[in-house]
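I would like the entire structure built from these sequences, with the hints used as guidance.
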Amino acid sequence: MGFAKREKKYKSKYNMTGTLGWIGNLRMNMERYLYFLHRVTGIGLVLYLILHILVTSSRMYGEGAYEISHSIINNPIADIGLFFVMAGLIFHGVNGIRLILNEYGFLLGKPTKPVYPYRQVLKTRGPRYFILLMIIIGAILLLIVGYELLLVWVF
Amino acid sequence: MKESYIRFIQYVLGAAIVILILLHLSLFTSFIGPGYEEGLSWETVSQRMASPFYDMLYTLLLFALLTHGFIGIRNIIFEYVTNQRTRVIISWTIWIVYIILLIYGMLPIIS
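Respectively, the protein sequence lines represent chains S and Y. Position one of the first sequence corresponds to residue 1 (the working numbering), numbered consecutively onward. Position one of the second sequence corresponds to residue 1001 (the working numbering), numbered consecutively onward.
What the hints contain is simulated information worked out from the structure, not anything from laboratory work. No false leads were mixed into what you were given.
Coverage of chain Y stretches by chain S, computed from C-beta distances (three or more under 8 Å per stretch; other residues unrestricted):
#	segment
1	1012-1025
2	1039-1045
3	1069-1082
4	1099-1108
Quick partial rundown of chain S residues pointing at chain Y, CB under 7 Å, derived from the structure:
#	residue
5	Met-60
6	Tyr-66
7	Glu-148
C-beta atoms are modelled at their ideal positions from N, C-alpha and C, and glycine is treated no differently.
Here it is in structure tokens:
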């Protein structure tokens, strides 16, 4: 049976939780929060990427067009926005590394027999310490970004 | 293409983007590159984009970011749309926008 046919036969609304499903199942679960943030920052970064391509491509029309397009974004308010974009980018990057490592089974330890009570592998030491490392690396990178922006507008 | 291949592409490009974007952003820090304001001036940018290394870097970065981003958007839209015919239409729309942005982003690198 093809995918479309099978989909039609067992069509169920139960698993289609829609936009509320992004935050509807948080239950103080760290990975769910990270999943939600990864998704939101991802959409934001795609929108930023499109704007970034449109602005930087003005270079091909010569120096005048480049200066005009950059004078629009050359103000403190745009740079506060840039700081949030950078925060989203850094989060998306470090969390993406975590997702790749978890997907291919690094940091998760050796598999054990599924005997009750089951081992919740994401709550073991490896993945939890990696989240801590993630926060530290992200904070350092964000501090560098903040310093560079302050260098332009304050110092 | 199988969904598992698409997810694999996401992981490979994601890992590549982490390295490429660190190279890209290090150009705008005062520690490694010329700094944020200086790194965006017309002279610095023209000088930078004249070298084949940066042409290569930005071509790869543009391709990787657009592919990664649009696969992500596609995944989110497909959670809402299960009708196969609508999915095909959305797929084509995403492909067209993707190729237009890729060409528009490539133009200043080539010229």
